[in-house]
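Enquirer: Each chain is listed here by its residues.
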Amino acid sequence: MPMLLAFDTAFLLQRVFDGFQKGAVYAMLGLGLVIIYRSSGLLNFAQGEMAMFSTYLVWALVGQDAGGGLNVWLALVIVMVVAFAGAAAIQALVIRPLGDPHLNPLAVVIVTIGLYLAMHELPALFWNSANHELASPLFGRGSIDVGGTGLSYQTIGTVALLLVAAGAFWALLRYTKLGLALRAVSTNAESASLSGIAVQRTLMLGWGLAVSIGVVAGVSTVGSLNFDPNFMLVVIIYAFAGVTLGGFDSPLGAVVGGLIVGLITETLPYYVDAIGGEFQLMPAFVLILVVLLVRPQGLFGTKEVNRV
Amino acid sequence: MSASDPLSGSTDPKSAGASPGSLPAPDADALAASGRLDALLAPDRKAQLIKGVIALVLAIVVLSLPFQYADFQLDRFSKVIAYAIAAMGLNLLTGFTGQVSVGHAAFFGVGAYTSAILVNDHGWPLLGSVVVAGLIAMAVGVVVGLPALRIRGLYLALVTLSLAMLFPQVVKRFDWLTGGSEGKPLRTEVDLGGGVIKPRTVRFDPPFGDLTSSQWTYYVFLAIGALFFLVAWNLIRSRMGRAMVAVRDNEIAATSSGINLARVKVSAFGLSAMYAGVGGALYALNEGNIVPDKFGVEDSIYLLVAVVVGGAASLWGPAIGAVAIVFLADLVPEDLQPASRLIQGVLLIALIIAAPGGLTGLIKRGQATVTRRLRSRSASQDTATAPDTRQSPPDSNEPSRTQEETP
Numbered sequence: 001m002p003m004l005l006a007f008d009t010a011f012l013l014q015r016v017f018d019g020f021q022k023g024a025v026y027a028m029l030g031l032g033l034v035i036i037y038r039s040s041g042l043l044n045f046a047q048g049e050m051a052m053f054s055t056y057l058v059w060a061l062v063g064q065d066a067g068g069g070l071n072v073w074l075a076l077v078i079v080m081v082v083a084f085a086g087a088a089a090i091q092a093l094v095i096r097p098l099g100d101p102h103l104n105p106l107a108v109v110i111v112t113i114g115l116y117l118a119m120h121e122l123p124a125l126f127w128n129s130a131n132h133e134l135a136s137p138l139f140g141r142g143s144i145d146v147g148g149t150g151l152s153y154q155t156i157g158t159v160a161l162l163l164v165a166a167g168a169f170w171a172l173l174r175y176t177k178l179g180l181a182l183r184a185v186s187t188n189a190e191s192a193s194l195s196g197i198a199v200q201r202t203l204m205l206g207w208g209l210a211v212s213i214g215v216v217a218g219v220s221t222v223g224s225l226n227f228d229p230n231f232m233l234v235v236i237i238y239a240f241a242g243v244t245l246g247g248f249d250s251p252l253g254a255v256v257g258g259l260i261v262g263l264i265t266e267t268l269p270y271y272v273d274a275i276g277g278e279f280q281l282m283p284a285f286v287l288i289l290v291v292l293l294v295r296p297q298g299l300f301g302t303k304e305v306n307r308v
Numbered sequence: 001m002s003a004s005d006p007l008s009g010s011t012d013p014k015s016a017g018a019s020p021g022s023l024p025a026p027d028a029d030a031l032a033a034s035g036r037l038d039a040l041l042a043p044d045r046k047a048q049l050i051k052g053v054i055a056l057v058l059a060i061v062v063l064s065l066p067f068q069y070a071d072f073q074l075d076r077f078s079k080v081i082a083y084a085i086a087a088m089g090l091n092l093l094t095g096f097t098g099q100v101s102v103g104h105a106a107f108f109g110v111g112a113y114t115s116a117i118l119v120n121d122h123g124w125p126l127l128g129s130v131v132v133a134g135l136i137a138m139a140v141g142v143v144v145g146l147p148a149l150r151i152r153g154l155y156l157a158l159v160t161l162s163l164a165m166l167f168p169q170v171v172k173r174f175d176w177l178t179g180g181s182e183g184k185p186l187r188t189e190v191d192l193g194g195g196v197i198k199p200r201t202v203r204f205d206p207p208f209g210d211l212t213s214s215q216w217t218y219y220v221f222l223a224i225g226a227l228f229f230l231v232a233w234n235l236i237r238s239r240m241g242r243a244m245v246a247v248r249d250n251e252i253a254a255t256s257s258g259i260n261l262a263r264v265k266v267s268a269f270g271l272s273a274m275y276a277g278v279g280g281a282l283y284a285l286n287e288g289n290i291v292p293d294k295f296g297v298e299d300s301i302y303l304l305v306a307v308v309v310g311g312a313a314s315l316w317g318p319a320i321g322a323v324a325i326v327f328l329a330d331l332v333p334e335d336l337q338p339a340s341r342l343i344q345g346v347l348l349i350a351l352i353i354a355a356p357g358g359l360t361g362l363i364k365r366g367q368a369t370v371t372r373r374l375r376s377r378s379a380s381q382d383t384a385t386a387p388d389t390r391q392s393p394p395d396s397n398e399p400s401r402t403q404e405e406t407p
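Which chain is which? The protein sequence lines are A and B, in order. In terms of the working numbering, the first sequence opens at residue 1 and continues consecutively. In terms of the working numbering, the second sequence opens at residue 1 and continues consecutively.
These aren't lab readings, by the way, just hints derived from the structure by calculation. These numbers were taken from a predicted model, which means no experiment stands behind them. All C-beta atoms, glycine included, are put in the ideal place defined by N, C-alpha and C. It is possible that part of the hints are untrue.
Stated by the list, open to error - One-sided excerpt, in silico: chain B residues whose CB lies under 8 Å from chain A:
| # | residue |
| --- | --- |
| 1 | Thr-94 |
| 2 | Leu-127 |
| 3 | Val-131 |
| 4 | Val-132 |
| 5 | Leu-135 |
| 6 | Gly-345 |
| 7 | Ile-349 |
Stated by the list, open to error - Non-contacting residues of chain B with respect to chain A, defined by C-beta distances greater than 12 Å in every case (computed):
| # | residue |
| --- | --- |
| 8 | Gly-123 |
| 9 | Trp-124 |
| 10 | Ala-139 |
| 11 | Thr-160 |
| 12 | Leu-163 |
| 13 | Phe-167 |
| 14 | Glu-189 |
| 15 | Phe-204 |
| 16 | Asp-205 |
| 17 | Val-231 |
| 18 | Val-297 |
| 19 | Arg-341 |
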């Protein structure tokens, strides 16, 4: 992108809208990361690729041409259920045997990265991995005019979905028995187990929830654009940057952090020449590094205490 | 005496040697009398002999490869050595010091680009560029290692993962130096005689004899690889090596026993990055042309795979792993090629769950099982010939007494 010579309000507004659109996606992926971190205590590097594969499933259900296959919302719900089951199975089969993730980070990294590699290749196995597009995007293709700038339905819809997802997640944690169990397990798995909570089953549910939120993130990302299996590769780092900023164990942090990262990465490169063009990851990297060094718990996270 | 005693006694010769003092005398005499102490120690010598023979055979095979394969195959073997050196470095950091890095391709890339820039733009000698590449990668490693003092475990993996994603972008950003996504060739100007000077892709020319440059490259790489292996070998047996392992096993305990955590971690990072840098430089010199996308996440993962497949915290592991990552892709049948990474991913997960020690771990476990089987068989033969010595200690005193009387 060329450096702007004159300040252009409409352009900035466009960038801000794009920032919210991207940020909402990062936030949704981030919510998934937070759920998994809070329940299993690990960073799921495969979160983005799981969302990517789910998006392919939605695409396949919707069909090649509009009206041919399922309604896109119905497809989304079906894939969310499938992803829920798949993620629960993954937790039971490959995550559970690893034990405490902080005692053996290498095994956790290897397994989640193995999942990342495997998931990344799955679409090419079933479908021609060339560029695809959703026949009917979730929110149509139109936009409304705000101050001379097009605010697309997709942006509005994605942010709305994020708010719904975050609200639902908050209500789940706050008001349901499952939410209570999730909180108990993340606070102290042993005590939770002693008070009659099925810890492993709760963890499976946590993974299921996390990955089904990722489905929404994936489908919102592609919108009406062409996509290929690579579309989540870098997005996951932005999502991690958002979660790092917000705090690994804070759902509110994931939302706020994700939106901030979206705004930064969509506006800054167009105004600061040094990070323009292909250098967009730089701000995310610096953000992750600085936050971890200066304030490891992030904006809203709880401080980790090391007991000897 | 239980059947497991011979095993524990022989695997640790010290305890076998100490037992005459610590155990009641008659028992020890019984051991000596039945000649089993010797029998217990003997398999170790045999094992050493077997190990020596295997090492000799391996050395002969490795040294004779250049005369059995065509040049293009040799170039791939040289690539294996380059990766093996980098993986050895990653293993020092991840396997021995416990710091997980998913970003070693970045150090590998720093080495590769340093070498390429020095050789191509400044006409440096090839080996000189390798030395500088190692040093610059080490400097970068120390800088990256500093945050690692505060960032641990999975968070460090996150930081290094983003570093791995960032590196190709950095290379593309500074395309005036690195050639950007077009890639950077490694060429030197060669005087063809008669004042004709032509650029030519770099290669190691043998100073004597009639070896081809691929054969000579292979030997040069092998020598460098052996040197770095020896350094690692000595390092992990040194004070520093023990400190690294202590940090890996328990940081708090290590600190409280006087280990300078910061120094150990930063040195491990620097050293590990230096290995990766040297590996990268050799990789660049072997390929003759490098592109930024060869130093991204995927390649970082390959290095990690080399460490894990070979066996973390095993000196030989990375070499085996490097062979695996370079040749594994060939083993996948043609019609399954699109799924090769899927297969890799699944294999990786299966491996870490089924065999956390990697291939060397599996070999060790296999060895232990076999020796245990052999021992228990010889032990049962012992039981058959002289059941008394095993079943009833009081009886076993008799032969020892007779032996005491004989001298």
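Enquirer: Taking the hints in turn, state whether each one holds.
Expert: How the hints compare with the structure:
Below 8 Å, beta-carbon pairs count as interface contacts, and Thr-94 (chain B) has one with chain A at about 6 Å; its hint therefore holds. This hint is violated: Leu-127 (chain B) has a C-beta 33 Å from the nearest C-beta of chain A, more than the 8 Å allowed. Of the supplied interface hints, the one on Val-131 (chain B) is violated, with its beta-carbon coming no nearer than about 29 Å to a beta-carbon of chain A, more than 8 Å. Interface restraint check for Val-132 (chain B): the shortest CB-CB distance to chain A comes to about 26 Å, outside 8 Å, so the restraint is violated.
With a cut of 8 Å, the hint placing Leu-135 (chain B) at the interface with chain A is violated, because the nearest CB-to-CB distance is about 24 Å. The beta carbon of Gly-345 (chain B) is positioned within 8 Å of a beta carbon in chain A (closest approach about 3 Å), and the interface hint is therefore held. Because the smallest distance between the Cβ of Ile-349 (chain B) and any Cβ of chain A comes to about 4 Å, under 8 Å, the interface hint for this residue holds. Non-interface call for Gly-123 (chain B) relative to chain A: holds, since the shortest CB-CB distance, roughly 30 Å, exceeds 12 Å.
Against chain A, the non-interface label of Trp-124 (chain B) holds: every CB pair exceeds 12 Å, the least being about 29 Å. Interface exclusion of Ala-139 (chain B) from chain A stands, the closest Cβ pair being 18 Å apart, more than 12 Å. Look at Thr-160 (chain B): its CB is around 10 Å from the nearest CB on chain A, not clear of 12 Å, so calling it non-interface is violated. For Leu-163 (chain B), the requirement that its beta carbon stay farther than 12 Å from each beta carbon of chain A is not met, with the minimum near 7 Å.
Non-interface status of Phe-167 (chain B) relative to chain A is broken: a Cβ of that chain comes within 12 Å, the nearest being about 10 Å off. Non-interface call for Glu-189 (chain B) relative to chain A: holds, since the shortest CB-CB distance, roughly 32 Å, exceeds 12 Å. The beta carbon of Phe-204 (chain B) sits about 34 Å from the closest Cβ of chain A, which is more than 12 Å, so the claim that it is off the interface holds. Look at Asp-205 (chain B): its CB is around 38 Å from the nearest CB on chain A, clear of 12 Å, so calling it non-interface holds up.
The claim that Val-231 (chain B) lies off the interface holds: its Cβ sits roughly 23 Å from the closest Cβ of chain A, which is beyond the 12 Å cut-off. Once the 12 Å rule is applied to beta carbons, Val-297 (chain B) is inconsistent with being away from chain A; the minimum gap is 8 Å. For Arg-341 (chain B), the requirement that its beta carbon stay farther than 12 Å from each beta carbon of chain A is not met, with the minimum near 5 Å.
Violated hints, in rising order: 2, 3, 4, 5, 11, 12, 13, 18 and 19; the structure is consistent with all others.
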